[in-house]
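Asks: One line per chain: the protein sequences are A and B, in this order. Just so we're aligned: 9 in my numbering is position 9 of the first sequence, and the numbers increase by one with no gaps anywhere. Just so we're aligned: 240 in my numbering is position 240 of the second sequence, and the numbers increase by one with no gaps anywhere.
Check before you lean on any hint, since a few could be wrong.
[Said to hold, decoys possible] Which residues of chain A face chain B? A few of them, derived with a C-beta cut under 7 angstroms, are:
1) 3
2) 5
3) 32
4) 48
5) 67
6) 74
Quick caveat, the hints were computed from the structure, so don't treat them as lab data. Note that CB positions come from ideal geometry on N, CA and C, so glycine has one too.
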Amino acid sequence: MCLAVPSKVLEIRPGMATIECFGARRRVSLLLLDEDVAVGDYLLVRAGGYAYERLDAARALDILALMTEVNARLDAEGAA
Amino acid sequence: MSVAIPSTEGQIQLNIGWNGRRITGATVVSTRPVLASRVLEGRPAQDARARVRRLYSICGEAQSAAAALACDCAAGVEPAAATAAERACRVIAECAQAYAWRLMLDLPPLLGEAQRLQELSGLRRRIDELGIGHGEDPLAGTNGTGWLALADEVEQFVSTSVLGMPVVEWKQRGIDDWLAAGATAAARMIAQLAPQCWCMSEVAPLPWLAPDALRADIAPALQASDEFVRAPVWRGQPAETGAWARQVQNPLGDMAQRGVAGRLLARFVELAEFPARLRALAEGGGDSAWVRGAQAAPGIGIAAVETARGTLVHCVALEGDSVAWWRIVAPTEWNFHPAGAFARGLTGIEARTEAGARRAAALLAHVLDPCVGFEVAIEHA
Numbered sequence: 001m002c003l004a005v006p007s008k009v010l011e012i013r014p015g016m017a018t019i020e021c022f023g024a025r026r027r028v029s030l031l032l033l034d035e036d037v038a039v040g041d042y043l044l045v046r047a048g049g050y051a052y053e054r055l056d057a058a059r060a061l062d063i064l065a066l067m068t069e070v071n072a073r074l075d076a077e078g079a080a
Numbered sequence: 001m002s003v004a005i006p007s008t009e010g011q012i013q014l015n016i017g018w019n020g021r022r023i024t025g026a027t028v029v030s031t032r033p034v035l036a037s038r039v040l041e042g043r044p045a046q047d048a049r050a051r052v053r054r055l056y057s058i059c060g061e062a063q064s065a066a067a068a069l070a071c072d073c074a075a076g077v078e079p080a081a082a083t084a085a086e087r088a089c090r091v092i093a094e095c096a097q098a099y100a101w102r103l104m105l106d107l108p109p110l111l112g113e114a115q116r117l118q119e120l121s122g123l124r125r126r127i128d129e130l131g132i133g134h135g136e137d138p139l140a141g142t143n144g145t146g147w148l149a150l151a152d153e154v155e156q157f158v159s160t161s162v163l164g165m166p167v168v169e170w171k172q173r174g175i176d177d178w179l180a181a182g183a184t185a186a187a188r189m190i191a192q193l194a195p196q197c198w199c200m201s202e203v204a205p206l207p208w209l210a211p212d213a214l215r216a217d218i219a220p221a222l223q224a225s226d227e228f229v230r231a232p233v234w235r236g237q238p239a240e241t242g243a244w245a246r247q248v249q250n251p252l253g254d255m256a257q258r259g260v261a262g263r264l265l266a267r268f269v270e271l272a273e274f275p276a277r278l279r280a281l282a283e284g285g286g287d288s289a290w291v292r293g294a295q296a297a298p299g300i301g302i303a304a305v306e307t308a309r310g311t312l313v314h315c316v317a318l319e320g321d322s323v324a325w326w327r328i329v330a331p332t333e334w335n336f337h338p339a340g341a342f343a344r345g346l347t348g349i350e351a352r353t354e355a356g357a358r359r360a361a362a363l364l365a366h367v368l369d370p371c372v373g374f375e376v377a378i379e380h381a
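The following block holds chain A by itself, in its conformation from the complex (with noise of 0.2 angstroms):
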């Protein structure tokens, strides 16, 4: 529920990006960010494939890491 997984950005083309988390790609739109996106940056992407924020690596990867805790723990305990 109202998760954004940061996504790493691989590829731009004018407008829209390629990114990947957790091993899923997606393309998804550039149009409502006011700066400039570069490969490798992390974006957040709302529902309907809107890019709305870039993040800095540190902090994309300490959520990566809070949410691969997530699926881990909900993986063991076999929860949705």
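Let chain A serve as the given structure and place chain B on it in line with the hints.
Replies: Relative to chain A, chain B alone:
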């Protein structure tokens, strides 16, 4: 546009039964990680609160406020008036942004209007510059000047981009007259929805959960079973939450009779009220309607925060300063309950084509506004 939603975020699968003429029913299958809050357990309360902010970023202000207040209540701490006011300001501002998102980005393609990306981007940037949605410690004290600037920003957005006139004038003019004029995209989108004869009367609105109700009804239900997190009920029945549930008794708008259009109109009614509420908070007034909590028992606190999508609840059990147990009920689980507003709102709706059935499902899903992606599948009945 989006493919392969990360499993961590989860999504909702909406399976729509269609017999070639009407929608015969709908089922909801959710992979949302509703028990992700378990990662907060066993942590010091302060660390758990920081984790909430990092995990739940989409409605970060509301999640942070609910987490903080639930912990305060568990510890028997009464928040300072300034802290309570700041939490309310932040939650209202976040709600305004969320409404703007739906109004300018998600709904226009479904209702014959153009998306307004630059307007939305500009609004988000200006609200962002006022400090909403950022910071590791969002509870850094009030900023009266900043909150007044925020109120001005929201009022500018509402009067210019939504209503097409000053708020006072809009209220005086009357909703029906405003709709008939069709001078703004907002009015035209509601007019598009109005002919949809979805009375949506089978699921009652979730009432405003007072602190006593949180203490006596919601907290015990959460403690009794994790099923309540997945499929919450009020007095044993699914309930609809969101702007419409909050505003259905408001004499402005007559929203009880407007069906699905009323769900969108209710957001505009709330937007029209936000500037005055923000100014009152900035000037030292209290506003506990949208952020409230209670101590359910020594060491157990529960908080409810209103969001764009509806009522968000956090319930926390502390042992000393450590989190023993934490549960979160999001608005999505109310509205997308297996027998809730979405599942029952489409049954019987006329749809002459499969595309029409899909559009109806997408419209209702957007109006009920889950905070995750959804996929619509048509099942021929």
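Asks: Please go over all the hints and tell whether each is borne out by the structure.
Replies: How the hints compare with the structure:
| no. | hint | result |
| --- | --- | --- |
| 1 | 3 | holds (5 angstroms) |
| 2 | 5 | holds (5 angstroms) |
| 3 | 32 | holds (5 angstroms) |
| 4 | 48 | holds (6 angstroms) |
| 5 | 67 | holds (5 angstroms) |
| 6 | 74 | holds (6 angstroms) |
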